[in-house]
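Asks: Input sequences plus hints: build the corresponding full structure.
Residue numbers (the working numbering), protein chains in the order written: chain Z, 54 to 390; chain G, 31 to 372.
If you are wondering where the hints come from, they were derived from the structure by calculation, not from laboratory data. Note that the coordinates shown come from a computational prediction; the quantities given were computed from them, not determined experimentally. Some hints here could point you the wrong way.
Stated by the list, open to error - What follows is a list of derived Cβ distance ranges for each label pair:
hint : chain 1 : residue 1 : chain 2 : residue 2 : range
1    : Z       : 215       : G       : 248       : 13 to 23 Å
2    : Z       : 381       : G       : 257       : 31 to 41 Å
3    : Z       : 364       : G       : 85        : 52 to 62 Å
4    : G       : 266       : Z       : 177       : 44 to 54 Å
As the list claims (entries may be wrong) - Now the stretches of chain Z that chain G is said to cover, found in silico as 3 or more residues with beta-carbon under 8 Å:
hint : stretch
5    : 101-110
6    : 118-126
7    : 137-149
8    : 153-162
What the hints assert, rightly or not - If you want the ones that stay clear, here's a sample from chain Z, every Cβ over 12 Å from chain G, calculated:
hint : residue
9    : 85
10   : 115
11   : 173
12   : 184
13   : 210
14   : 219
15   : 235
16   : 246
17   : 251
18   : 309
19   : 331
20   : 345
21   : 360
Yeah, the Cβ is synthetic: ideal placement off N, Cα and C, and Gly gets one too.
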Amino acid sequence: MAKVLDALNGALHHCMTTDERVVVLGEDILDPYGGAFKVTKGLSIAYGDRVRTTPVSESAIVGAATGMALRGLRPVAEIMFGDFTTLIADQLINHAAKFATMYGTAVEVPLVVRTPMGGRRGYGPTHSQTLEKLYCGVPGLRVLAPAALGDPGALLTAAILEDSGPVLFVENKILYNTEVLAAGGDGDVACTSVAGRGYAPAHVLTVRHGAAPSLTIASYGYAAELARQALVRLAYEFEIFAELVVVGQLAPCDLSPVAASLRSTGRLLTVEEGSRTLGWGTEIVARSFEDLGPSLRAARRVAMDDVVLPAAAPLELAVLPSVDDIVKAAVEVGTAA
Amino acid sequence: MPQRILGPRPAPAVPPSPPTLESTAPVPDQPSLYRTMYRIRRFEETVLDRFSSGVFHGTTHTYCGQEANAAGVLAGIGNADRPDDGRPAGRQDVVVSNHRCHGHFLAYGGDPRALFAELMGRRTGVCGGRGGSQHLQWRGFYSNGILGGTLPVAVGMALAERDTGRDGVVVAFTGDGALGEGALYESLNLASLWRAPVLFVVENNQVAQTTPIHLALAGDLAARFEAFAIPTRHLDTSDVSEILPVAQELLGELRGGAGPRALVLDTRRFGPHSKGDDPRPADELARMRAERDPLVIAGARLDEAERTAIEATADDEIATAFARALADEPATLDRAALGRTA
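Replies: If you want it as structure tokens, here you go:
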């Protein structure tokens, strides 16, 4: 099976072959290096001038890409570490997202900003964060996050070729080297995809031959991979059968796939790698209460502690959500009155 | 089918050829330049005069005193509806403007009624009432109220114009205040590195909101651009006849593929930063009006009767535009269009 890295790299090649309006820019993306995480590998050899390596100027990278998008190209900008998106916040929030909406004219901003997020690599406090929650409340900006489910390359392709507005495409670093789950699932879990309101499908996972689920676990990105492992353990070790709903679109928030599951389970656990306070899970829990009212019987969030992420491996693992954390929280919420 | 838009892009190794006749717009005559500036002045005076009556909503940043910059620089800029028109007269260039954008918009060819309507929150406004005073878009014109942040966008636009073979150029207006923003320097570096056809125009009105330039700017202004190997012209004038030929020359160099250029225009802002926030001494303001009024300077070259006729026509045009905008329907709320819901 292909890894997520191969799927994303293949999607970039596909987009550049299919549509000459697609251009790629970012730091250190030229071959033979091919980008810090190799997602852009082979592009500069195959597409020459349409692949631009840039100075270390994140704001200008995204600003220039936005200008290209406004004038008919379909740029894909790579920000080497998601932590550096703080440097592009003005361009995303006050320029790209606004141009697409505030003019009230036919202006389109088909911009994709790709960036890796996440820890477990020991890169320390400023190169390991999961910051996408900062961008999930920005009207006009779509935030997507592939998981090792379905077709991560197709999600990127749709963002590049079909979306007329700006997209922040968040790629968890550990996910790059993770095998994509086969369509339909594996021996332990069954996986189906369901359409959301946007073009990113959600994936719904259940343990094969299990009882009707009594808990909904909502997650995205690499955290969903941990949640999938927890799903199996919960069934085999605790006889708790859960339904894991993995969303591909974080913003605009679309609760529908989660809500559909909650209507039968009434119990919610959210799992994310970002820090807990005002995170993605917070929004999902709030919307679930608004949507379901008293029929939502219990809810918990698993997320990173609200701490600065340390570099040392044992410390990093201690503060990031683990499979154990998910299992423990699931047992609590799954048995709460 | 793959779309073939991008052609090969060899870096010009030889000095750029001089601009051809077809690559420049016809040079406006003196009456035409005066008309452009006078319309802006009447528009902005109307805005300031009527703001307190409550017909406008929000804020505004008026251009009085700086009219020669927009008129002189944008005289060589095409605003055709279709960017691929093909005819030189039908060229669509791109103008990136800032918070003080009314003068740029009108000089580019924008409709004063639509601009009044935008300031009034009318459905007929340039952006249907969504943008307000400092967020305008029409044809190749884009303004945004974030200082410096528009400049990397302008560089990207210039690259797109070149790489898609449309051959439009980009004029990016900025001011002395934006020289404090880091995004500006990233943009200069990118523009020079990638030879983007963009003209950076610094309207140096010597004051950023209320802060005089000597409290905000260290070092030499033009040297900032020259440090990035961007050839820079510096004019200290309010005479449109001095600005226009220099701007034409720089735009010609851009169209010839020479890479980015900068034009620093020392100018005077007669009015407040926005509506009433001007702590500058009255005698200083009176002196700059007496010495640096682009309308007085250009008007002196016109025949009295001709000048009066231009003014009467423009007075009527602006008054009519104001009255029509005032009578227009209020803007309507379309939530879905204000952000993505799915």
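Asks: The structure should be examined with respect to each hint, and the outcome stated for every one.
Replies: Now the hints, each set against the structure:
Remark: the range hint 13 to 23 Å for residue 215/Z to residue 248/G is contradicted by a beta-carbon distance near 48 Å. Between residue 381/Z and residue 257/G the Cβ separation comes to about 58 Å, which falls outside the hinted range of 31 to 41 Å. At about 59 Å, the beta-carbon gap between residue 364/Z and residue 85/G stays in the expected band of 52 to 62 Å. Checked against the hint of 44 to 54 Å, the pair residue 266/G and residue 177/Z passes, with Cβ atoms roughly 51 Å apart.
Given as covered by chain G, the stretch 101-110 of chain Z passes the check, having 6 residues with a CB less than 8 Å from a CB of that chain where 3 are the minimum. Residues of the stretch 118-126 of chain Z lying with their CB closer than 8 Å to a CB of chain G number 9, which satisfies the three-residue condition for coverage. Counting residues of the stretch 137-149 of chain Z whose CB lies closer than 8 Å to any CB of chain G gives 4, which reaches the minimum of 3, so the coverage claim holds. Coverage of the stretch 153-162 of chain Z by chain G holds [criterion: at least 3 residues with CB-CB distance below 8 Å; count 6].
Every C-beta of chain G lies more than 12 Å from that of residue 85/Z, the closest at about 22 Å, which supports listing it as non-interface. Taking the minimum C-beta to C-beta distance to chain G, about 8 Å, the non-interface status of residue 115/Z is violated against the 12 Å cut. For residue 173/Z, the shortest C-beta to C-beta distance to chain G comes to about 32 Å, beyond the 12 Å cut-off, and the non-interface label holds. Residue-level check passed: residue 184/Z sits 20 Å from the nearest beta carbon of chain G, beyond 12 Å.
Non-interface call for residue 210/Z relative to chain G: holds, since the shortest CB-CB distance, roughly 14 Å, exceeds 12 Å. The beta carbon of residue 219/Z sits about 10 Å from the closest Cβ of chain G, which is not more than 12 Å, so the claim that it is off the interface is violated. No Cβ of chain G approaches the Cβ of residue 235/Z within 12 Å, the least distance being about 29 Å, so the stated non-interface status holds. Distance to chain G confirms residue 246/Z as a non-interface residue, since its nearest Cβ pair spans about 17 Å, more than 12 Å.
Under the 12 Å C-beta cut-off, the non-interface status given to residue 251/Z relative to chain G is violated; the minimum distance is some 5 Å. With 12 Å as the threshold on Cβ separation, the claim that residue 309/Z sits away from chain G is violated: the shortest Cβ distance comes to roughly 10 Å. For residue 331/Z, the condition that its CB be more than 12 Å from all CB atoms of chain G holds, with the nearest at approximately 19 Å. With a closest Cβ-Cβ approach of about 21 Å to chain G, residue 345/Z is found to remain outside the 12 Å limit, as its non-interface label requires.
The claim that residue 360/Z lies off the interface holds: its Cβ sits roughly 30 Å from the closest Cβ of chain G, which is beyond the 12 Å cut-off.
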